[in-house]
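Student: Sequence:
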Amino acid sequence: MKMAVARTVQDFKDRLLLCLAALSVWRMGFAQIRYSVPEEMEVGSSVGNIAKDLGLNSMELPLRGVRIVSRGKLQYFLLNLKNGHLCINEKIDRELVCGKIVQCLLNIEILAEDMVKLFAVEIEIQDINDNSPSFSSEETVLEISENIAPGMSFLLQNAQDPDVGINSLLNYHLSKNKHFTLEVQMGADGVNYARLMLQDSLDREEQAVHHLILTAKDGGDPVKSGTAQIRVIVADTNDNAPVFNQSLYKMSVRENLPLGTVVMTINATDVDEGLYSQISYSFTRNTDTDFQIFQLDSKSGEISIIGNLDFEQSELYEFEINAKDGGGLSARSKVVLEVIDMNDNAPEVTITSLFSPVAENSPPGTLIALLNVHDRDSGQNGKVNCFILDKLPFQIKTSFGSYYSLSTDRYLDRETISEYNISITAKDHGVNILSTTKTIHLLISDINDNPPVFDKPLYSVYLMENNPTGSSVLCAKATDADWDQNARVSYSMMESYVSELPLSSYISMNSETGVIFAMRSFDYEQIKEIHIQIQAKDGGIPSLSSNVTVTIFILDTNDNAPEILYPSLPVDSSTGIELAPRSSEAGYLVTKVVAVDADSGQNAWLSYRLLKATDHGLFTVGLHTGEIKTTRFFQEKDAFIQTLIILVKDNGQTPLSATATVTVVVADSLGEVLSDLSGLSSSSSRDDESSLTFYLVIAIATVSCLFFTFIIVLVVLRIRRWRTSQMFHSSNVHFAAVPTSQFVGIDGVRAFLQNYSHDVCLSTDSGKSQLNFPTGCDANTLTYHQLSEKKGSNECGNALDIFCSGESDINQVSFLLSNTING
Numbered sequence: 000m001k002m003a004v005a006r007t008v009q010d011f012k013d014r015l016l017l018c019l020a021a022l023s024v025w026r027m028g029f030a031q032i033r034y035s036v037p038e039e040m041e042v043g044s045s046v047g048n049i050a051k052d053l054g055l056n057s058m059e060l061p062l063r064g065v066r067i068v069s070r071g072k073l074q075y076f077l078l079n080l081k082n083g084h085l086c087i088n089e090k091i092d093r094e095l096v097c098g099k100i101v102q103c104l105l106n107i108e109i110l111a112e113d114m115v116k117l118f119a120v121e122i123e124i125q126d127i128n129d130n131s132p133s134f135s136s137e138e139t140v141l142e143i144s145e146n147i148a149p150g151m152s153f154l155l156q157n158a159q160d161p162d163v164g165i166n167s168l169l170n171y172h173l174s175k176n177k178h179f180t181l182e183v184q185m186g187a188d189g190v191n192y193a194r195l196m197l198q199d200s201l202d203r204e205e206q207a208v209h210h211l212i213l214t215a216k217d218g219g220d221p222v223k224s225g226t227a228q229i230r231v232i233v234a235d236t237n238d239n240a241p242v243f244n245q246s247l248y249k250m251s252v253r254e255n256l257p258l259g260t261v262v263m264t265i266n267a268t269d270v271d272e273g274l275y276s277q278i279s280y281s282f283t284r285n286t287d288t289d290f291q292i293f294q295l296d297s298k299s300g301e302i303s304i305i306g307n308l309d310f311e312q313s314e315l316y317e318f319e320i321n322a323k324d325g326g327g328l329s330a331r332s333k334v335v336l337e338v339i340d341m342n343d344n345a346p347e348v349t350i351t352s353l354f355s356p357v358a359e360n361s362p363p364g365t366l367i368a369l370l371n372v373h374d375r376d377s378g379q380n381g382k383v384n385c386f387i388l389d390k391l392p393f394q395i396k397t398s399f400g401s402y403y404s405l406s407t408d409r410y411l412d413r414e415t416i417s418e419y420n421i422s423i424t425a426k427d428h429g430v431n432i433l434s435t436t437k438t439i440h441l442l443i444s445d446i447n448d449n450p451p452v453f454d455k456p457l458y459s460v461y462l463m464e465n466n467p468t469g470s471s472v473l474c475a476k477a478t479d480a481d482w483d484q485n486a487r488v489s490y491s492m493m494e495s496y497v498s499e500l501p502l503s504s505y506i507s508m509n510s511e512t513g514v515i516f517a518m519r520s521f522d523y524e525q526i527k528e529i530h531i532q533i534q535a536k537d538g539g540i541p542s543l544s545s546n547v548t549v550t551i552f553i554l555d556t557n558d559n560a561p562e563i564l565y566p567s568l569p570v571d572s573s574t575g576i577e578l579a580p581r582s583s584e585a586g587y588l589v590t591k592v593v594a595v596d597a598d599s600g601q602n603a604w605l606s607y608r609l610l611k612a613t614d615h616g617l618f619t620v621g622l623h624t625g626e627i628k629t630t631r632f633f634q635e636k637d638a639f640i641q642t643l644i645i646l647v648k649d650n651g652q653t654p655l656s657a658t659a660t661v662t663v664v665v666a667d668s669l670g671e672v673l674s675d676l677s678g679l680s681s682s683s684s685r686d687d688e689s690s691l692t693f694y695l696v697i698a699i700a701t702v703s704c705l706f707f708t709f710i711i712v713l714v715v716l717r718i719r720r721w722r723t724s725q726m727f728h729s730s731n732v733h734f735a736a737v738p739t740s741q742f743v744g745i746d747g748v749r750a751f752l753q754n755y756s757h758d759v760c761l762s763t764d765s766g767k768s769q770l771n772f773p774t775g776c777d778a779n780t781l782t783y784h785q786l787s788e789k790k791g792s793n794e795c796g797n798a799l800d801i802f803c804s805g806e807s808d809i810n811q812v813s814f815l816l817s818n819t820i821n822g
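Mapping of the sequence shown onto numbering that gives the first Met the number 0: position 201 corresponds to residue 200, and the numbering continues sequentially without gaps.
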């Protein structure tokens, strides 16, 4: 903002000074100082001592504010305030500043601010010869007819010189020439003009163009000049007829040249020029055939081929050519073309007869085809050889004339190659050998000489048991190398028996696809593998066949749960009981659970585990043996009756299991057994009555409508207890034993049960009845047979007469045990 204000103030001061200076100049009467300098002086050159001429001290110039007043023009001059000289600031080109003005003046104004005076300075720019004469065009072209008479003049272009005075253009000069001279005339404007004058006649055929040099010189020191070319073209007149360079054109050409090939170029010249030298060519006489084969370019004289040039059609062509210029003058010439025979025709192979298809069992020498081979060329070019290109089971021979026969030279096999592409090549004997290949497609017909072949010599398939009925088991695939009907294969199964039943009741087969289906669901435990004989037969006449064996292996699945052989399930209300003395040591073998699995492999691997027990810490079960052993000594607090539930599980992917219940009675003597049983029975009876009363009270109090129902239940219970009481006194009730028939046929089981059988006897010792157990670890089972064998023994004491009085006593013990265990 401050700068803008300062600039405005300065502009105002400058304008004020200019006004004062103008007033001062007006008062001074426009006194001027004049200098004279040549143009093109170097920058910095002194024009004059302006301080001295103004009567000022050069040291006071800056103090007095002496300066050149600028008016926006290009400043050619500069005031040196140190020495007071006026110097060149820009190089001055007089021609640029003043043009053609003779006296070139430049005016400047010098202002002294303290004196408020304005001085006018006039500088004359003197011309120097710094420009050469020049023509507007470097070349001047004149066209003069050859029949123009001498003395005719032609105005030439003027040269220009930007200098003035003596440095400007003075005169012209022409190069030496016998036909032309230069005439210079001064015009009304004082400028010299040059004219070209014809001095001697022209002949275009002698010299068509004349080249002259026009020189312009100025009067400067040194003299400078400029030149221009003058080209004089002699215009022609039709005074000459065309002339052929040959009166006869003769040439040999190869036949069947490509279309458009230029075979010859004729040439006629005319010494005239322009329209009179332009020659056009044409056929003077020709046949229609020539017009179809040859073409003549009317301007260039080229003869080219547009049709088929064939030696076999014509060996020689003759025609005349006419050349005519633009003025109507003409000339003629003859053209002879000899055609050279070339090997341009490939042999032609024609199939006259073909016998296809050929049976594969055809004998060697069977005729396949008859061929005709022809070459349009002659001589060596027309001689032909025929042969089969590839190594094939065929041969070709000359039959007669140009005919060849193609036949077999060995037996054929359609299964190896079903068809042939027989390439027959015919070559001629020309220098440039030409050949033709003909392909014959030959089919080989089939005979039924190959039986069906299965893709495998033996089929083995694995099938899981319990498969769905109708499921696909296997796809037997047989292929026949023959074709069509001879290769159509049908399948069938050889009839056989599996487990005394026909194979068709187990397996069926699709006769077309060879897919084998299962007619039923197989059981590995019944059938483990099936052998099938399959026959594949083709449809040929006569038909051929082949057989293959298929073995189906039935794989086991875990579809059978373990079966408990011992202890067996009761067949009546009795329960198998195992006895263990209270004096048994840890590890005492109580009994063994025996189970089998109808499956095989790991599906039949069994493991045993104690699932539930009255006292879990008292017994242990062998994981793989099933042996039940004690883990410690029996104690008084241990229950009299121990119930064990054993889980038997197989090792199948989805394991199956079964459970066995084993009841172990812990007692050292029969009296102890009886007393414990009596206590248990009475306690059980009291508990039943208490429970019955409790339920009756709840029933009466809760729902009166159920009263009669409970009465009926009570009556039924009383009747049942009465019947049970009657059965206690009956001699027909037996203590159930394990049926041995269940173990028949299972290896090792019967022997195991014999090893674990026990003998129990009643004896009297010191007035007490005891159950005597053998000291071995395998005496632990109380059964009906063992008790009955001791019945009536003399070893029984009086205290135990109730137990030795007959079979009813044994039944009473069994009844008490059963009721106690069953609850």
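Honestly, the hints are just simulated from the structure, not real lab data. Given the structure is predicted, the values throughout are model-derived calculations rather than measurements. Beta carbons: idealized from backbone N, C-alpha and C, even for Gly. You may find that some hints are simply not true.
Claimed, not checked - Quick list of the computed label-pair ranges, beta carbon to beta carbon: (1) Ser-542 <-> Pro-654: 52 to 60 Å; (2) Ser-281 <-> Lys-249: 17 to 25 Å; (3) His-440 <-> Asp-412: 16 to 24 Å; (4) Glu-528 <-> Thr-365: 49 to 57 Å; (5) Ser-542 <-> Lys-396: 33 to 41 Å; (6) Tyr-192 <-> Gly-150: 14 to 22 Å; (7) Ser-35 <-> Ile-147: 37 to 45 Å; (8) Gly-400 <-> Thr-268: 24 to 32 Å; (9) Asn-371 <-> Thr-268: 33 to 41 Å; (10) Tyr-461 <-> Asp-389: 47 to 55 Å; (11) Ser-299 <-> Ile-432: 36 to 44 Å.
Unchecked claim - Here are the computed lysine to aspartate or glutamate pairs in the EDC-like style, where the Cα-Cα straight-line distance is at most 20 Å: (12) Lys-382 <-> Asp-309; (13) Lys-90 <-> Glu-38; (14) Lys-611 <-> Glu-562; (15) Lys-223 <-> Glu-39; (16) Lys-249 <-> Glu-204; (17) Lys-177 <-> Glu-204; (18) Lys-382 <-> Glu-311; (19) Lys-426 <-> Glu-301; (20) Lys-476 <-> Glu-499; (21) Lys-216 <-> Asp-309; (22) Lys-175 <-> Glu-137; (23) Lys-648 <-> Glu-584; (24) Lys-323 <-> Asp-340.
Student: Against this structure, judge whether each hint is valid.
Tutor: Against the structure, the hints come out as follows:
1. Ser-542 <-> Pro-654: 52 to 60 Å: 54 Å, holds
2. Ser-281 <-> Lys-249: 17 to 25 Å: 20 Å, holds
3. His-440 <-> Asp-412: 16 to 24 Å: 18 Å, holds
4. Glu-528 <-> Thr-365: 49 to 57 Å: Given a distance of about 54 Å, which is inside 49 to 57 Å, the answer is holds.
5. Ser-542 <-> Lys-396: 33 to 41 Å: 40 Å, holds
6. Tyr-192 <-> Gly-150: 14 to 22 Å: 18 Å, holds
7. Ser-35 <-> Ile-147: 37 to 45 Å: Distance hint for Ser-35, Ile-147 is violated at roughly 54 Å.
8. Gly-400 <-> Thr-268: 24 to 32 Å: 58 Å, violated
9. Asn-371 <-> Thr-268: 33 to 41 Å: 57 Å, violated
10. Tyr-461 <-> Asp-389: 47 to 55 Å: 50 Å, holds
11. Ser-299 <-> Ile-432: 36 to 44 Å: 37 Å, holds
12. Lys-382 <-> Asp-309: 19 Å, holds
13. Lys-90 <-> Glu-38: Since the Cα atoms of Lys-90 and Glu-38 sit roughly 8 Å apart, the hinted pair holds (cutoff 20 Å).
14. Lys-611 <-> Glu-562: Judged against 20 Å, a Cα distance of about 19 Å means the pair holds.
15. Lys-223 <-> Glu-39: 17 Å, holds
16. Lys-249 <-> Glu-204: 31 Å, violated
17. Lys-177 <-> Glu-204: Since the Cα atoms of Lys-177 and Glu-204 sit roughly 17 Å apart, the hinted pair holds (cutoff 20 Å).
18. Lys-382 <-> Glu-311: 16 Å, holds
19. Lys-426 <-> Glu-301: 37 Å, violated
20. Lys-476 <-> Glu-499: 29 Å, violated
21. Lys-216 <-> Asp-309: Status violated; Cα separation ~74 Å.
22. Lys-175 <-> Glu-137: 19 Å, holds
23. Lys-648 <-> Glu-584: Given pair Lys-648, Glu-584 is violated - Cα atoms ~29 Å apart, limit 20 Å.
24. Lys-323 <-> Asp-340: 35 Å, violated
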